[in-house]
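Fit chain B to the supplied structure of chain A, relying on the hints for placement.
Top to bottom, those sequences are chains A and B. Every letter in the first sequence is one number past the one before it in the working numbering, and letter 262, counting from 1, is 262. Every letter in the second sequence is one number past the one before it in the working numbering, and letter 193, counting from 1, is 193.
Hint data in this document are derived by calculation from the structure and do not stem from the laboratory. In this text, all values refer to a predicted model and were calculated from it rather than measured experimentally. Hints are not guaranteed to be accurate.
Said to hold, decoys possible - Here are the simulated distance ranges between beta carbons: (1) B:E21 x A:L243: 38 to 46 Å; (2) B:D50 x A:T221: 37 to 45 Å; (3) A:D111 x B:D50: 54 to 62 Å; (4) A:G135 x B:E23: 55 to 63 Å; (5) B:I20 x A:P261: 20 to 28 Å; (6) A:A56 x B:D129: 46 to 54 Å; (7) B:L18 x A:P261: 18 to 26 Å.
The beta-carbon is built from N, C-alpha and C at its ideal position, and this holds for glycine as well.
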Amino acid sequence: MLTKRLIACFDVIDGRVTKAQQFQDNIDVAPAEELAQRLYEDQIDEIVFYDITASAQRRKIDLDTVRRVAQHVFVPFTVGGGIRSVDDMFEVLKAGAEKISVDSMAVRNPDIIRQGAAAFGRQCVVLSTQVKCVGVSNGLPSGYEVYIDGAREPTGMDALDWVRRGEDLGAGEIVVNSIDRDGTAAGYDLDITSAVADAVNVPVIASGGAGDVEHIADGVTKGGAQASIISSILYSPRFERNLGVRELKDALTALGVPVRPYLDV
Amino acid sequence: MDYRAGNAPSVGYALARLGIEHELVTKPDQIAAADRIILPGVGAARATLDSLSESGLLESLTSRVRDDGVPFLGICIGLQILFEHSEEGDISCLGWVPGHVRQFPSTARVPQIGWNAVRKRRPHPLTADFPDGGHCYFVNSYYAVPDQDDDVLASTEYEVDFCSIVARDNIVATQFHAEKSGPLGLGLLTAFVDWDPAC
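So here's chain A without its partners, still in its complex pose (with noise of 0.2 Å):
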């Protein structure tokens, strides 16, 4: 049976994790490289890496700590920020990434996830949204825009609809990475994560707000997601007390949720 997965997120900044609260104020963690270390040893099912700065910056990702961070992790490693093109992917992939993660520069060039998709296969295309709960208008049936650049810029898409034409375009998942609940603790945006699991036929990925191991639990049963993303839970200064993978795949187990196995090694 296919388990469902805990993939801890990097929000990168010159070589650093950091941590934000709804995209903002972001605090420091500690070196990629040293973080993803120890969550391969804690094993973690999956690290995405995003350089958060690259595409406001436009400039290229941060390759020397992707090639760093992708040396000490034999599990998926996904990778994003600042792909603009076909060569950027290839470049990102070569330092040791399997996966790609396009956000707004999918909205300012879609073509790009239908490029990334058949160079290198739709499993190698993670399309990642920012969503926002702004209520059901005339351009926005389902109440839910995308954002883009760091949360900073609505982008007038309907949340749906841009999934759906993501799916389309070859994306191989999609991150449902909700602005209001990012970094709050309260749980994922259910709502919107369980639309965006019927909408298309990819995995879907929950993101945004996990605080607590009842929230993982519920993204990936009341979400219909097939993964959630977590950060806070395990490394965040703000959080009183982190929790290690095995203490989460043990809770989740108690809670029904199919998880893989933690290994004594």
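Leaving out everything else, chain B in the frame of chain A:
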């Protein structure tokens, strides 16, 4: 083997971690000199086969694996192209292992992406230390159906029960990404390097 549609660097990092001497090869003469060959893959079957033929690697690979009997490990798409035919693009593949590659039923969410249990079907040196039901990382929309049950070393369930490790003579292949399957996957890479198909 390093080609455009592959993820050879990830496999290289895994082998480096294990202290296994290796080289990412892009030229036919490098393959001719190899004691063991790993063909990783992440892309589509046709893109992989095209990339291998255009770079001239395919001829050298075929001669090394089929004529010289060098131990060969295929990973992901490196498993699927071993069969006679793939529904992905309706194309002919290498035909080194009798059987076909089919698409997951439309009832499944595809691609399958994530950790799934690998059940051993028969004993083999590659999986001697692999725990039955151990979880490995899969990314696939298609799956292999070998003609002969004996070629199925392990199987996994996703809507259907499919072949997750193939073994035939000097050829082994995993549908999952061994290089991305944590300690269990790294264990399989070590077992491949230690494996003597003649024994």
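Checked hints:
1. Restraint check, E21 (chain B) to L243 (chain A): a C-beta distance of roughly 39 Å satisfies the suggested window 38 to 46 Å.
2. As the Cβ distance of D50 (chain B) to T221 (chain A) is approximately 42 Å, the hint placing it in 37 to 45 Å holds.
3. For the pair D111 (chain A) and D50 (chain B), the beta carbons lie near 22 Å from each other, so the given range of 54 to 62 Å is not met.
4. Look at G135 (chain A) against E23 (chain B): about 58 Å separates their beta carbons, and that is inside 55 to 63 Å.
5. For the pair I20 (chain B) and P261 (chain A), the supplied restraint of 20 to 28 Å holds, since their beta-carbon distance comes to about 27 Å.
6. Judged by the Cβ atoms, the range 46 to 54 Å given for A56 (chain A) and D129 (chain B) holds: they are separated by roughly 48 Å.
7. The beta-carbon spacing between L18 (chain B) and P261 (chain A), approximately 23 Å, falls within the hinted interval of 18 to 26 Å.
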